[in-house]
Structure formats: C-alpha cells, structure tokens
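J.: Listed below, chain by chain, are the residues.
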Amino acid sequence: MNSEKMKRKGTLIAIQDSLVKARFFDDVIMGETAEIAVDGKSLSAEVLQIQPDPKNADAGIVEMQVFEDLTGALIGDEVVFTGKPLSVLLGPGLLTSVWDGLQNPLYKLSEEDPYLKPGMKAPALDETALWVFTPSVKVGDTVSGGDAIGAVPEGKLNHKILVPFDFGKCKVESIIEKSSVNITQTVAVVSDEQGKQHELKLVFRQPVKSPIPFKARAIPTETISTGVRVIDLLAPVGYGGTVGNPGPFGAGKTVLQHCLCKYALADIIIMAACGERAGEAVEVFKEFAELKDPSSGESLMNRMCIFGNTSSMPVAAREASVFIALTVGEYYRYQGYNVVLLADSTSRWAQALRERSGRQGDIPGPEAFPMDIPDQIKGMYQRAGADRGTGGSLTFIGTVSPAGGNFQEPVTQATMDSTGGFWGLSQDRADAKKYPAIDPLVYTNSVYDSFISWEHRQDMVDILHEANDIDQTISTIGLKKVPVEKYIQYQKGLTVDFCVMQQNAFHDVDACTRPERLKVINQGVQNLLNSSMEFDRDAMNDEELKSMIKTKFDELRQWWRDWNSNAVTDEEISTLPEKIEKFVAQEEYAL
Amino acid sequence: MIRKEINKISEVGKALISVEGNPGVALNHVVELLEADTNQSLSFAKAINITEDSTRFQVFNGTAGLSTKTKIRMHELPLTAGYSPKMLGRCFDGIGQVADGGPEVIFEKQVSTRLDTLNPTVREVPKQALWTGIPMIDVFNTLVKSQKIPIFAGPTEPYNRLLSQIAQGASADVIIFAGIGLKFDEYEYFKEQLSASGNIDKTIMFTHLAGDSQIKGLMLPDVALSVAREFADDGKDVLVLLTDMTNWSNILRNVANYQDMIPSLQGYPGSLYSELAKRYEVAADIEGKGSITIIGATTLESLEDPVPDNTGYITEGQFFLENGKLKLARSLSRLKQGVNGKTRNDHRAIMTAMASLLADAEKAYEASEVGAANDAFSQKLLRYRADFIEHIEEPFGEPIELEPALDKCWDILKKHFEPTETGLSKQLIEQYWN
Chain W
1 MNSEKMKRKG
11 TLIAIQDSLV
21 KARFFDDVIM
31 GETAEIAVDG
41 KSLSAEVLQI
51 QPDPKNADAG
61 IVEMQVFEDL
71 TGALIGDEVV
81 FTGKPLSVLL
91 GPGLLTSVWD
101 GLQNPLYKLS
111 EEDPYLKPGM
121 KAPALDETAL
131 WVFTPSVKVG
141 DTVSGGDAIG
151 AVPEGKLNHK
161 ILVPFDFGKC
171 KVESIIEKSS
181 VNITQTVAVV
191 SDEQGKQHEL
201 KLVFRQPVKS
211 PIPFKARAIP
221 TETISTGVRV
231 IDLLAPVGYG
241 GTVGNPGPFG
251 AGKTVLQHCL
261 CKYALADIII
271 MAACGERAGE
281 AVEVFKEFAE
291 LKDPSSGESL
301 MNRMCIFGNT
311 SSMPVAAREA
321 SVFIALTVGE
331 YYRYQGYNVV
341 LLADSTSRWA
351 QALRERSGRQ
361 GDIPGPEAFP
371 MDIPDQIKGM
381 YQRAGADRGT
391 GGSLTFIGTV
401 SPAGGNFQEP
411 VTQATMDSTG
421 GFWGLSQDRA
431 DAKKYPAIDP
441 LVYTNSVYDS
451 FISWEHRQDM
461 VDILHEANDI
471 DQTISTIGLK
481 KVPVEKYIQY
491 QKGLTVDFCV
501 MQQNAFHDVD
511 ACTRPERLKV
521 INQGVQNLLN
531 SSMEFDRDAM
541 NDEELKSMIK
551 TKFDELRQWW
561 RDWNSNAVTD
571 EEISTLPEKI
581 EKFVAQEEYA
591 L
Chain F
592 MIRKEINKIS
602 EVGKALISVE
612 GNPGVALNHV
622 VELLEADTNQ
632 SLSFAKAINI
642 TEDSTRFQVF
652 NGTAGLSTKT
662 KIRMHELPLT
672 AGYSPKMLGR
682 CFDGIGQVAD
692 GGPEVIFEKQ
702 VSTRLDTLNP
712 TVREVPKQAL
722 WTGIPMIDVF
732 NTLVKSQKIP
742 IFAGPTEPYN
752 RLLSQIAQGA
762 SADVIIFAGI
772 GLKFDEYEYF
782 KEQLSASGNI
792 DKTIMFTHLA
802 GDSQIKGLML
812 PDVALSVARE
822 FADDGKDVLV
832 LLTDMTNWSN
842 ILRNVANYQD
852 MIPSLQGYPG
862 SLYSELAKRY
872 EVAADIEGKG
882 SITIIGATTL
892 ESLEDPVPDN
902 TGYITEGQFF
912 LENGKLKLAR
922 SLSRLKQGVN
932 GKTRNDHRAI
942 MTAMASLLAD
952 AEKAYEASEV
962 GAANDAFSQK
972 LLRYRADFIE
982 HIEEPFGEPI
992 ELEPALDKCW
1002 DILKKHFEPT
1012 ETGLSKQLIE
1022 QYWN
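Respectively, the protein sequence lines represent chains W and F. First residue of the first sequence? That's 1 in the working numbering, and the numbers climb one at a time after it. First residue of the second sequence? That's 592 in the working numbering, and the numbers climb one at a time after it.
To be clear, the hints were calculated from the coordinates, so they are not data collected in a lab. Small disclaimer: the values here were computed from a predicted structure and weren't measured. The C-beta atom is built at its ideal place from N, Cα and C for all residues, glycine as well. Please note that the accuracy of each hint is not assured.
[As the list claims (entries may be wrong)] Beta-carbon label-pair distances, calculated as ranges:
id, chain 1, residue 1, chain 2, residue 2, range
1, F, 786, W, 476, 52 to 58 Å
2, W, 406, F, 933, 34 to 40 Å
3, W, 129, F, 850, 46 to 52 Å
4, F, 895, W, 180, 56 to 62 Å
5, W, 565, F, 935, 17 to 23 Å
6, F, 935, W, 586, 46 to 52 Å
7, W, 286, F, 956, 38 to 44 Å
8, F, 631, W, 371, 39 to 45 Å
9, W, 286, F, 913, 35 to 41 Å
[What the hints assert, rightly or not] Pairs of lysine to aspartate or glutamate, EDC-like flavour, derived with a Cα cap of 20 Å:
id, chain 1, residue 1, chain 2, residue 2
10, W, 292, W, 154
11, F, 677, F, 695
12, F, 595, W, 39
13, F, 880, W, 283
Work the whole structure out from these sequences, hints included.
T.: Encoded structure:
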C-alpha cells in the first residue's frame, strides 16, 4: 500500500511544550495522526489545525499536539502523516488490561524500563495469547459493520468478533473452523460491494471520536445496585445513565470511585484515571486484583480495564484517554454487556483542553476554558446510554474537581447540565468525617428510580431537612428554646443521617448494602418516623428530658451502627425493624 | 569537542532572551552564555520555544548584564544534575552547583532532570508508616512512605519549624531539602537544626534564596528530585522537603507572564496543575528499590487560591497549620487507611470518634459565640475542644510514640464523656474505658 514515496510528509517549523507546527506540501487531513522523528524516536501527534503558509504559497502549515515529551526536537525534524485518526484497538484481551492514555500496555512497557520514556510503544493487546474462535456465519453469508462473525470466550464473557463498524455490506468469502487463534491471524475474508477483499481478525481499530452506534437506544430503566446507601436510596443511577460527581479535594471522590469499582453490579468496569494520582490507579490494579467480583466471585480485575493517564503523564494524551475509554465501553455495550465507565477526573480532561487552546492562542471563555467546553462535555456524556437492541448499556460516572471547591465554575456547571444524576460532595460533611460526603440535602438529584418507593425516599429527605433546620435553630438560639417534640424529630433525623446515610467504606460488611438489606433499613426508618414517642412530661423538666432523650437515641445509634457492621445472616438482618419498633414504643431501652 | 556558537542575541527581556533564525538548538537543550570579549561564563540557559525564525531561552542566572553581543555556546544536551553520595552534608543551588563555599564535588554521573513518569506498574501500594512522634499525624493522619503531602499554612505560621521537626524525627535514609525563595534566616535555621540533630550528614540542601535568579528557583525542584530519584533507585528511603511551593508557583507565573501566555486563574498559567503534579508525582515506593516521600510547604492566604487548590487535588492529603497548631478539621492523610488498620485495634475507631466529636464541638463553639451553647452536652463539648487543641493539635515538643498517644486520647475522652456519647463500639469501650 503505502510505499516510502507515497508517504505524506512535513517538517517541523515551530516547537513549544507539546504543540508543534509543520510545513507540508501534499495534503493533510484534519484530525489525522502523525509520527514525528525526534532524536531517533518516533513520537505520536494529532492534527489540530491546518493553515496557509505565509512564506510559501505552495505549502501549508499544520498545527499538531504531540502526545509525548518533545525534549530534543529540532526545526526540520520529519513528520509522517498516517492518514488515520486517533483510534483504539478493540478485541479480546481488553479486560484485565492496564494501559497508559494511548493504550500502550503498562506492564509490557515496564519490562523495557521502569520509567516511561518518550517514544516507548508496545502492542495494545497481547499478540501471542490464543483465543478459541467459534464461527457464527458461513461462506456466502452477508454481513455488515457491527455484525458478529463468531465469538471467543473472554473470562466469563462471550466476546463476539465483530465486522468493523465502518464496513458496508459484505459477503463472507472464507471463514476458519472452530480453532485457537491469536489476534494477528486472519479468521475470515469478506468482499465488499465493489468486490474488494478484506481480511478480518479478532481485533480491529475504531476511531475514538466516532461513537459506536446504538442498535436501539433506550431510556435507562433498571437501577444499578452500587452498594452505597445514600446513592441507592436518594440519588440512584440506572444502567446507561450519567452522573456527575463533583467535590472539593479531600471530600472523598476517590474512595467513592473505589467503592463503585468494588461493589457496583455490572459486567464490566472501565476506569479512566485521567490526570489524577498514579497511586490511586495502582491501588486499583494491584489491590483490587485480590478482591472478589460481587457477582461472579472471581478476581475483580477480570471485569475491569484501566486507562492510566496519570497527572504527570503528557497532558495531550489526557484528552485521548477519555475518548479511548468511552469507545471501549461502547464496544462492550454493543456486545450486550452492562458497562460502567468511571472517569476521574473530567476536570483534568477539560484542563488539558484549556492548556491546548491557550497555547493555540484561542480567545478564552470563562476561567480561560475553551468557549465551547459545555458542548464538549455534553457530547462526551451523550455517548453513554442504554441499548434495547443489544441489551447492553454504558453508564458514565465522571468526577469533577472544581477549582476552589466552587460548584459555580464552568466544568461543574456544564456537567450538571449534561448528566441525569448528580452526587455533590460537601466539604462540611467531609470535615465532620460524615462519609460518603454526598450531601443528602443539597446535591442529590437523579432522574433514575430508587430501590425504595418515591414516598419513602421523600420521607427520608424530609426528616433530614427537618433535623437540619432544627440544628440551625439550636446553633442560633440554643437548645433550651427548642420544644421537646422538635428535639425528638431532630434526634430521629440525626439517626437516619448517622446510621443510614453515613457508611464505612473500609468495613467489610458496612461498605456494601444490597437492595434486600436496603428494604429492611427502609422498614426500620419507616418505623422510626411514623410513630410518635410519648414521654412522661411530669417526671422531669424539659432539659432533663432532652438529656434523657439524647442518651436513648445515642444508644439506638450505637446499636444500629453495630448492626450495620455485624448483622450478616438473614436472621440478624431482620432484627432491625423490630428493634426500632420497640425503641419507639419504649418497650426496650437496653437496646 | 568544538561547540557551535551564536554571536547575536536579538532580544533580552526579564529572564528570557531570543535569537533570530534557527541556530539548530533542540527543545529543552542547554546553552551557555559567555562574555563576548573574555569568554567568561555568565550563565546557562534553556531553549523553550523554537521556530524557524527565532529561538527563545530561559536564562538561569537572570538577564541583567547581558547584551546583544553576549555569545551563546550550544551544549546539545538537556539540563542534567550531578549525582554522587558525596553530596550528603553539602549545599547546592537550583541547578546543582556547589553553593556552600566548600570544595567542588566530583560527581559520579550526570542524571536527566526531565522527571520521566515512573511506570505505575512498578509502584508498590504504599504500606509502610512513617512515624513522626507527632500525635496529630501518627494517630489521626498517619504519614506513609512514598506519600506526597503539603503543609498548608499562612505566611506567618511556623511551617518551616514543623518541616524541620518532622525531618529530625522521621526515619529516612536521606533527607533532601529543597528551598525555593527562602529568606536567609530560614535557610540558616534549617542548617542549624539539622546540624544540631546530627542529621546533616544524611541531608543534601538545594537552596534558592529570595532575590536569586528566578529561573534557578524554577529549576530547583527538578534538580533536587532527580538527585532524590538516584538515591531511591539505589534502595534508599528518601524524604524530600519542598518549601515553599507557592514561591515556586509564583516564579512559574512570572515566567509564563514574560512569555505572554494566556493566564487562567489569578494570572497563573493553565498548566499550573500539570506542572505541580509533575513534581509531586515523583513521590513513589519503587518495586525492589527505595522510596521517595515528599512533604511540601504551601503558603496561602485562602484555601481557594490556585496554588493550594491545585496542590490539594494532586497530593495525598494535607496538613493544616493554624495558630501554630496542626488542625484536625481540614487535615487528611489519604494513605493512612493502608497502615492504621495494622496498628492497635482501637486506632481507627478512636480516630473517627474523636474527629466526629470535635466536629460537634466546633459547632457548639460557634453556637457559644452567640451565647447559644447553653445545654450540658454543649458545655462538655467545649471543654473537650479546649483539651483537644491544647494536647492533641500541638505539633511541637517531645515526640510521643503511637500507643502512648492512643492512651492519651482515651484519657481525654474519659475525662469529658460517657461511653455511649463517644459512638465507640461496646467491645472497645469494655477493653479500654477502664
């Protein structure tokens, strides 16, 4: 195909940070990738802009962002254009993989050098691993882009081998029998309507900025059990939904992400560690490998893949990492699987765009972000969704790291505008070590169904609001002025907050609450809220009475917290509603 | 080797110079500036922006005294830092030149200062505590080897004294002190403290004093961290103290400004996050080798300032120094969960219980300021709060080991509360209350 002569080339004429300009004479395609020869290494770049050359009417100037460190680059270094946009390799072996932001496998690279040096590359998927391919079409069949021609088992999944999505109608010319093949071998040959033959392998490349289509897009209806009570009760997310999860630093975004990785019920979890701490990604792929998947009992890593473009890696690759992860998610959704994509953090992604547009000299929008950042964010979240046609879904949960913890900043605002759910983490709750620090009063929006009825959900929100109001009263005018009835409501609200909304992410039992247990908790909360507590008002004065009420509720809360951590068997779990009933009726104080 | 020379500087600005045309300098490579007549070396400079029409350099020693006739000699290499174990006990400037007036150091090798990212797969999951003898850290926010954590403090807080106290108590093999924009008395203080504690022989100081060339200050963390990496690759546990990263960020802002870059917030370049992250991410526990722990100092007026804000997103927690006390409320060690479950069985529980009570106490304190904390429990909380600030949040003084520190926590709880008021489990109450 491309002989040396046919290659379209250019030469560098300007270099600054990760941005370069090159002069070319043939033709350049917007968005295509290029390889730049720097100091004996080949560095990848992407075309951002094409301009005329003021010095040479026969030439043009192309502006590119380079995905690797450019130290040593010289004016005149050669650029070779590939003709292909940035793409991701799709096929069996994606699961359990750990890549950098451009799909270079990190374990493979570490065999070469412990440090990531510019120009280091390795095949995205293992080329030697053998997969048992079973054909599902025969010679003469007609197939087109997205159709399966067979399948291989990948862990517990049935991984369909698809015709690349950009293919039109094709006829199967040949296909192999059931056999073990690696990803470099041809498994079928198809001919297109022009009669041109194409070899199909277990893998193909998909451009990351062209979304893989839905078969029949649908509104998310089924709720994901994330194991996190405040989410599943008050701010649930459906399969195929989108959630923005903003929070100032230290509010617990990372711990929440890790909880979702561990406990969310899904076939596949993809983690795009985008511009965040390397240590956190390491914890996931080194520690989570030892943990068990809640649905299969196998190692958690068997359902995961990780793109680690951590904060010290080249900024230009950060933007790419999220799109690559999205494309992998869409691929598995097309196969009929429920995929959850965690992008941590979309703010770093937006900052990468900001750095780039700043260097390009674009007129800046608010806080120097590109003017079109809200549209870019919306476009990204729109790629999530449920597919009735395949039965799969792609859920996108993006963390947001607002500057100064201020939710009014452009990225948080655009995210609120783009997502169906919103988990806002509050600094005040984090300071009070009330984890997870999702504020149940302010930032729990969701268009998805809860595991409990709307009315019961509302009851919980109401009591939390009421307690909060009374709390404000106590802080301003003092406890003495608060009537006993109000004080009881206050204690009830505190109890719901302390025992239901708060959860210990590091405790084996407490860390994950499934819907059955939520229903029991809900019953307990209903018992607590729907009956009034009577006290003998003559036995003591109001202050003594409040003090006694506090003691009783303290005891209840201690008991309930112990239940959260210790109740495991059905019998133990079922004790909660009854205990609370007795507590309210004051039949049994020694809880 | 004969090095290519350029004879004409076309533009001299603050910290930056430009030459016309394309002399063939590569990005980030170093050149030497020479006095035209005498060939005396004036400074080094780094190529940061190259086009076919002009090349721009950052000048390490500042541009004062340079003229259009100053000669540029090309070195065709990026900036390297000299490394040798003989550097221990010595003091260097921001580009690794001897700065203590002592004899030259014969380096074993020159190492790259590019700070390539460590492949995440060769990082260990951090699991070894770094004890400091400060209860506020050891009990409530345990420090872990390979952690990167800043001290957030107002400009007048004793943050350097705290860094020095941690350095003296911490069990690291090598301590690298990297000071940017230091005042002379701070520099002297560190030197004295380290000498007095006998730790000077395992310390290397890289210092940049306020008023020194900005570019040297800008380069300093890269040079110091590159040297730290060599020690870690050699199996050593290295503790790097970066003070003060706000000074460093301000230099970054100045230089971005000289380059006419579009500012994002408060004049800082949009790349502030990435630039800070590149330095802090050097902290690591490297498989089969040593480790690098970084404690930075970040001075601030407000937590929402871009430098502390971006730092908070990069580092693994932060320590808050306020009125000379290490405050529990906003301090956090993100890695503590990896180590504090393997200590005494009450460690995590007491940490949570006391923090939760302190949060309630802060609310009571606010209420008391308007005369609203009039109930008995609020009064208890107020007394607890005062005790906590005096005895637990005090970072200075004799080091206390973990278990006595935990016992001290129980004493404070017992003094002020009934067992059920603490939220602690029955089992722990039975074990420790009496």
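J.: Just tell me: holds or violated, for the beta carbon distance of residue 129 of chain W and residue 850 of chain F against 46 to 52 Å?
T.: holds, 48 Å
J.: Against the 20 Å threshold, does the CA-CA distance of residue 595 of chain F and residue 39 of chain W hold or violate the hint?
T.: Distance ~18 Å between residue 595 of chain F and residue 39 of chain W Cα, so the pair holds.
J.: Kindly confirm whether 35 to 41 Å is satisfied by the beta carbon distance between residue 286 of chain W and residue 913 of chain F.
T.: holds, 36 Å
J.: Given the hint of 34 to 40 Å, is the C-beta distance from residue 406 of chain W to residue 933 of chain F inside that range or not?
T.: holds, 38 Å
J.: So if I understand the rule, the pair passes when the alpha-carbon distance is 20 Å or less; does residue 292 of chain W with residue 154 of chain W pass?
T.: Roughly 17 Å separates the two Cα atoms, so the pair holds.
J.: Assess, step by step, whether the Cα of residue 677 of chain F is no farther than 20 Å from the Cα of residue 695 of chain F, and give holds or violated.
T.: holds, 10 Å
J.: What's the verdict on residue 880 of chain F and residue 283 of chain W, does the C-alpha distance respect the 20 Å limit or exceed it?
T.: holds, 18 Å
J.: Is 56 to 62 Å respected by the C-beta to C-beta distance linking residue 895 of chain F and residue 180 of chain W?
T.: holds, 59 Å
J.: Given a hinted range of 52 to 58 Å, is it respected by the beta-carbon distance of residue 786 of chain F and residue 476 of chain W?
T.: Since residue 786 of chain F and residue 476 of chain W have Cβ atoms about 55 Å apart, the given range 52 to 58 Å holds.
J.: Within 46 to 52 Å: is that where the Cβ-Cβ distance between residue 935 of chain F and residue 586 of chain W falls?
T.: About 38 Å separates the Cβ atoms of residue 935 of chain F and residue 586 of chain W, which means 46 to 52 Å is violated.
J.: I want to verify a distance hint. Is the separation of the beta carbons of residue 286 of chain W and residue 956 of chain F within 38 to 44 Å?
T.: holds, 43 Å
J.: 17 to 23 Å was suggested as the range; check whether the CB atoms of residue 565 of chain W and residue 935 of chain F agree with it.
T.: holds, 19 Å
Consistency with the previously given hints fails for numbers 6, 8, ordered from lowest to highest.
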